[in-house]
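Dock chain B against the given chain A, drawing on the hints supplied.
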Amino acid sequence: MERKTKIEAEAGRQELMITRDFEMPLELLFRAYEDADIVAQWMGTRVVKLDNENHGSYRFETTDPMGNIHRFSGVIHEFCKNERITRTFEMEQTPFGVQLEFLEFEAVTPQSSRLLMHVVYRSVAVRDQILKLPFAQGINMAHNRIEEVMRKLV
Amino acid sequence: MNLRRDVFQAIADPTRRGILLLVATQAMTAGAIAANFGTARPTVSKHLQILTECELLEQEQNGREIYYQINARKMKEVADFLEPFRKMWDDRFDKLEAIMKNYKPKS
Numbered sequence: 001m002e003r004k005t006k007i008e009a010e011a012g013r014q015e016l017m018i019t020r021d022f023e024m025p026l027e028l029l030f031r032a033y034e035d036a037d038i039v040a041q042w043m044g045t046r047v048v049k050l051d052n053e054n055h056g057s058y059r060f061e062t063t064d065p066m067g068n069i070h071r072f073s074g075v076i077h078e079f080c081k082n083e084r085i086t087r088t089f090e091m092e093q094t095p096f097g098v099q100l101e102f103l104e105f106e107a108v109t110p111q112s113s114r115l116l117m118h119v120v121y122r123s124v125a126v127r128d129q130i131l132k133l134p135f136a137q138g139i140n141m142a143h144n145r146i147e148e149v150m151r152k153l154v
Numbered sequence: 001m002n003l004r005r006d007v008f009q010a011i012a013d014p015t016r017r018g019i020l021l022l023v024a025t026q027a028m029t030a031g032a033i034a035a036n037f038g039t040a041r042p043t044v045s046k047h048l049q050i051l052t053e054c055e056l057l058e059q060e061q062n063g064r065e066i067y068y069q070i071n072a073r074k075m076k077e078v079a080d081f082l083e084p085f086r087k088m089w090d091d092r093f094d095k096l097e098a099i100m101k102n103y104k105p106k107s
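Protein sequences, first through last, are from chains A and B.
Oh and the first sequence: position 68 is 68 in the working numbering, straight run, nothing missing.
Oh and the second sequence: position 96 is 96 in the working numbering, straight run, nothing missing.
In isolation and in its complexed conformation, chain A is listed as follows:
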């Protein structure tokens, strides 16, 4: 199976590169980052604020099934339509701190496009912790599901 999304994360470095090819023109791909309503849909979040401009900023909020609100935010250092977005990203109230993101958008053909996302973390340790989050969540979710099933059996 072809893997559309590629992750390069060299050991011992505090950065990683996410690359993804899309079957859509560059302008449509960029629109998905520009339009707050569309961002809300694919990121699965409420978009509280999205000022897409140089020296702009954004704030997202999500509510988990337990009712806890999680906030994500950052400042937009540079916003260059159909080319690049340079921004920070932070999961608020977590120990991970802020990360720097360089998003580059390019046309591959008139009908396909590519996103390169270069993410820089404060340290190697923070990067590795963040990389392991979905892995740990996967195992936790599995545990929760098993607990749920067990509760129904008792």
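There are no misleading hints in this set.
Derived pair list, reagent style DMTMM-like, types lysine to aspartate or glutamate, alpha-carbon separation capped at 25 Å: (1) A/K4 to B/E55; (2) B/K104 to A/D37; (3) B/K104 to A/D21; (4) A/K6 to B/E83.
If you're looking for bench data, these hints aren't it; they were derived computationally from the structure.
Every value quoted in this text rests on a predicted model; they were computed, and no experiment measured them.
Same frame as chain A, but now just chain B:
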């Protein structure tokens, strides 16, 4: 109930991790596997079914017996802690692609 069968569900359970360790070195029948655990045979069968559905185990017919063996390719995916991170972004971008395919510019 529609439980999505994924590798994390499989490895979250201690008995299933035990089964994987057991068959890592050699293919075994369900009976031989069950003999190693203090649980009822149907319970072990259920674990084998889940591990097979997650593609962590493969079945091989040998005469009248079915042998279970490790699917090395899938095990590698689990061992690779980067895979869930990659999958998270892959799912997110798949969603982006699906949304934009139906996108009609407001004008």
